[in-house]
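Those protein sequence lines, which keep their order, are chains G and P. Take the first sequence: its position 187, counting from 1, is numbered 186 in numbering that gives the first Met the number 0, and each next residue is one higher. Take the second sequence: its position 24, counting from 1, is numbered 23 in numbering that gives the first Met the number 0, and each next residue is one higher.
A couple of the hints might just be wrong.
Claimed, not checked - Sample of chain P residues facing chain G (criterion: CB under 8 Å; computed from the structure): (1) F164; (2) V186; (3) V188; (4) G189; (5) F207; (6) H262; (7) P271; (8) A283.
To be verified - Straight line, CA to CA, 35 Å or less: simulated DSBU-like cross-link-like pairs of lysine-lysine: (9) P:K126 x G:K126; (10) P:K148 x P:K92; (11) P:K148 x P:K126; (12) P:K169 x P:K142; (13) P:K169 x G:K126; (14) P:K126 x G:K169; (15) G:K92 x G:K169; (16) P:K92 x P:K248; (17) P:K169 x P:K92.
As the list claims (entries may be wrong) - Between beta-carbon pairs, the in silico distance windows are: (18) G:A159 x P:V186: 36 to 46 Å; (19) G:A97 x P:T15: 26 to 36 Å; (20) P:G86 x G:A283: 18 to 28 Å; (21) G:M14 x P:V218: 49 to 59 Å; (22) G:A159 x P:T227: 44 to 54 Å; (23) P:G86 x G:A179: 52 to 62 Å; (24) G:T127 x P:D223: 30 to 40 Å; (25) P:I47 x G:D236: 50 to 60 Å; (26) G:D223 x P:L88: 55 to 65 Å; (27) G:D236 x P:V186: 13 to 23 Å.
No lab work stands behind these hints: they were computed from the structure. In this text, all values refer to a predicted model and were calculated from it rather than measured experimentally. The beta-carbon is built from N, C-alpha and C at its ideal position, and this holds for glycine as well.
There are 2 protein chains.
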Amino acid sequence: MAYLDHVERCNRRDMTQFRRFVVGGAGVGWVHHDTIAALASLHPALRIDADAVVLAPDDDTPAGRSAVLADVVERLVETGVLPRLRGELYAVKTAWAAPELLRIDRGAISVFGLNAYGVHMNGFVRKTDGSLHLWIGRRAPDKAVAPDKLDNIVAGGQPAGLSLFDNLLKEAAEEADIPAALAGRAVPVGAITYCCAGERGLKPDTLFCYDLELSEDFVPVNTDGELTGFTLWPAEDVLASVRDTDDFKFNVNLVILDFAIRHGLLTPDTEPDYEALVLGLRQAHP
Amino acid sequence: MAYLDHVERCNRRDMTQFRRFVVGGAGVGWVHHDTIAALASLHPALRIDADAVVLAPDDDTPAGRSAVLADVVERLVETGVLPRLRGELYAVKTAWAAPELLRIDRGAISVFGLNAYGVHMNGFVRKTDGSLHLWIGRRAPDKAVAPDKLDNIVAGGQPAGLSLFDNLLKEAAEEADIPAALAGRAVPVGAITYCCAGERGLKPDTLFCYDLELSEDFVPVNTDGELTGFTLWPAEDVLASVRDTDDFKFNVNLVILDFAIRHGLLTPDTEPDYEALVLGLRQAHP
Numbered sequence: 000m001a002y003l004d005h006v007e008r009c010n011r012r013d014m015t016q017f018r019r020f021v022v023g024g025a026g027v028g029w030v031h032h033d034t035i036a037a038l039a040s041l042h043p044a045l046r047i048d049a050d051a052v053v054l055a056p057d058d059d060t061p062a063g064r065s066a067v068l069a070d071v072v073e074r075l076v077e078t079g080v081l082p083r084l085r086g087e088l089y090a091v092k093t094a095w096a097a098p099e100l101l102r103i104d105r106g107a108i109s110v111f112g113l114n115a116y117g118v119h120m121n122g123f124v125r126k127t128d129g130s131l132h133l134w135i136g137r138r139a140p141d142k143a144v145a146p147d148k149l150d151n152i153v154a155g156g157q158p159a160g161l162s163l164f165d166n167l168l169k170e171a172a173e174e175a176d177i178p179a180a181l182a183g184r185a186v187p188v189g190a191i192t193y194c195c196a197g198e199r200g201l202k203p204d205t206l207f208c209y210d211l212e213l214s215e216d217f218v219p220v221n222t223d224g225e226l227t228g229f230t231l232w233p234a235e236d237v238l239a240s241v242r243d244t245d246d247f248k249f250n251v252n253l254v255i256l257d258f259a260i261r262h263g264l265l266t267p268d269t270e271p272d273y274e275a276l277v278l279g280l281r282q283a284h285p
Numbered sequence: 000m001a002y003l004d005h006v007e008r009c010n011r012r013d014m015t016q017f018r019r020f021v022v023g024g025a026g027v028g029w030v031h032h033d034t035i036a037a038l039a040s041l042h043p044a045l046r047i048d049a050d051a052v053v054l055a056p057d058d059d060t061p062a063g064r065s066a067v068l069a070d071v072v073e074r075l076v077e078t079g080v081l082p083r084l085r086g087e088l089y090a091v092k093t094a095w096a097a098p099e100l101l102r103i104d105r106g107a108i109s110v111f112g113l114n115a116y117g118v119h120m121n122g123f124v125r126k127t128d129g130s131l132h133l134w135i136g137r138r139a140p141d142k143a144v145a146p147d148k149l150d151n152i153v154a155g156g157q158p159a160g161l162s163l164f165d166n167l168l169k170e171a172a173e174e175a176d177i178p179a180a181l182a183g184r185a186v187p188v189g190a191i192t193y194c195c196a197g198e199r200g201l202k203p204d205t206l207f208c209y210d211l212e213l214s215e216d217f218v219p220v221n222t223d224g225e226l227t228g229f230t231l232w233p234a235e236d237v238l239a240s241v242r243d244t245d246d247f248k249f250n251v252n253l254v255i256l257d258f259a260i261r262h263g264l265l266t267p268d269t270e271p272d273y274e275a276l277v278l279g280l281r282q283a284h285p
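Start from the sequences, fold in the hints, and give me the full structure.
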């Protein structure tokens, strides 16, 4: 494999299979043709047009739209189109800083091809010889997504109603037992984007990335059962694993590549795909 | 102004005004319709097709192509289409790591809309209170491009036949008197791209960015007359100047915004354009 294969894989999709999902006059997502069949006649406020699936409730406000979609999502679970709800609400917007158009259960995000946001943190140690090491977590075997795969020290989806940084602090406490005073030193360092087709729809995701430098004596401990443990890896070995294996959760490869580029672990004089990686990690969503 | 205005300005162009420039079967640049008139009948190896300007010399090799374009460029200077040559050769490729298709004088890069590469270095100081400061240079009043504008501590176009890092060391010595042992600690941290129309054509540029942390006692000194001096600014003040003024050279605004994002000086919870900036700093060229 090459590093760039991970970027390509996270952006694999066939947009001819999807129809625009429109809320409040704005295209906010995409619905797969197979799902459109299941949506037809499911709810009078959900209109199937030739070129779009339009949410048009009488009460066309965030509350009214959220109520309709909650009904729709419940029916999708009943009919087996969706396996389950996640019990966590995500905000739907046209951009991160735009006003909320509605809220919807996290489990239904991809079926409507909505832009999901998340926070990922690179926990790193700079040894006395200057070499960088990364704390890598292993996901629990019972995770619905990417069981047993390797992960960042802290990562999580972005629920509605929380700032990104507060979410990072919450996830840092739950996933790695990092006290808020320490996690609060995390530095926002940018974002990566990708958009891939999945089993149940489309995933146009934006992951806000953070770096936290840790001292050699800090050891993360998982407290919520989502990870089975952590290992401190030389960054070079992490990169080799990203390049040569499929051991990391699909999108974590991209977060690590972004870290490697920002910290000079990849260089434009030696990595032939450097330019393509820099551009590929931040692609506009369809 | 907003930060995003600088990104927008660096990407302002009307592609209907340009025709593809094709070398060795690959679209490598763009020629403005006004220039096409000047190119017609200038050289038998330069063919004006309805949808492209095609360089097709009998000797269709890097050496053959370079020789033809050297003739063409000389004629463009004679006829006043180009103001002057720069006496420095740039390599033309389909991507940074791709083989060279030809070499051409730097002064003719935009007239053929060729992807130009450059290196820009952020020289920063982390004061004992943790605050970041940036060394900012002022360009000489006699510079052909952006006279008197503010600039990075070290920046330069990328001549053919030199590695990026060697070019950075060369520019660091010439522009800021930074010894190679010190400049060699510069860390490659990514790249930014933009593409704007200019007086004489199109500028699809890629700037490889480097960070160099400097101690408080280091003071840069210009040795080649391209800068009139340097000032160490609190990074917050640099950002305010980027946001509120037009004092920086157009593309340096983007390099500084990238620095600000990577170092957490802008945050996604507080900067409404954060997402648009992250994507806007790295746009695919047309």
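Each hint, compared with the structure:
no., hint, in the structure
1, F164, "holds (5 Å)"
2, V186, "holds (4 Å)"
3, V188, "holds (5 Å)"
4, G189, "holds (5 Å)"
5, F207, "holds (5 Å)"
6, H262, "holds (7 Å)"
7, P271, "holds (4 Å)"
8, A283, "holds (6 Å)"
9, P:K126 x G:K126, "holds (22 Å)"
10, P:K148 x P:K92, "holds (30 Å)"
11, P:K148 x P:K126, "holds (26 Å)"
12, P:K169 x P:K142, "holds (19 Å)"
13, P:K169 x G:K126, "holds (30 Å)"
14, P:K126 x G:K169, "holds (30 Å)"
15, G:K92 x G:K169, "holds (23 Å)"
16, P:K92 x P:K248, "holds (26 Å)"
17, P:K169 x P:K92, "holds (23 Å)"
18, G:A159 x P:V186: 36 to 46 Å, "holds (37 Å)"
19, G:A97 x P:T15: 26 to 36 Å, "holds (31 Å)"
20, P:G86 x G:A283: 18 to 28 Å, "violated (39 Å)"
21, G:M14 x P:V218: 49 to 59 Å, "holds (54 Å)"
22, G:A159 x P:T227: 44 to 54 Å, "holds (52 Å)"
23, P:G86 x G:A179: 52 to 62 Å, "holds (58 Å)"
24, G:T127 x P:D223: 30 to 40 Å, "holds (38 Å)"
25, P:I47 x G:D236: 50 to 60 Å, "holds (55 Å)"
26, G:D223 x P:L88: 55 to 65 Å, "holds (59 Å)"
27, G:D236 x P:V186: 13 to 23 Å, "holds (20 Å)"
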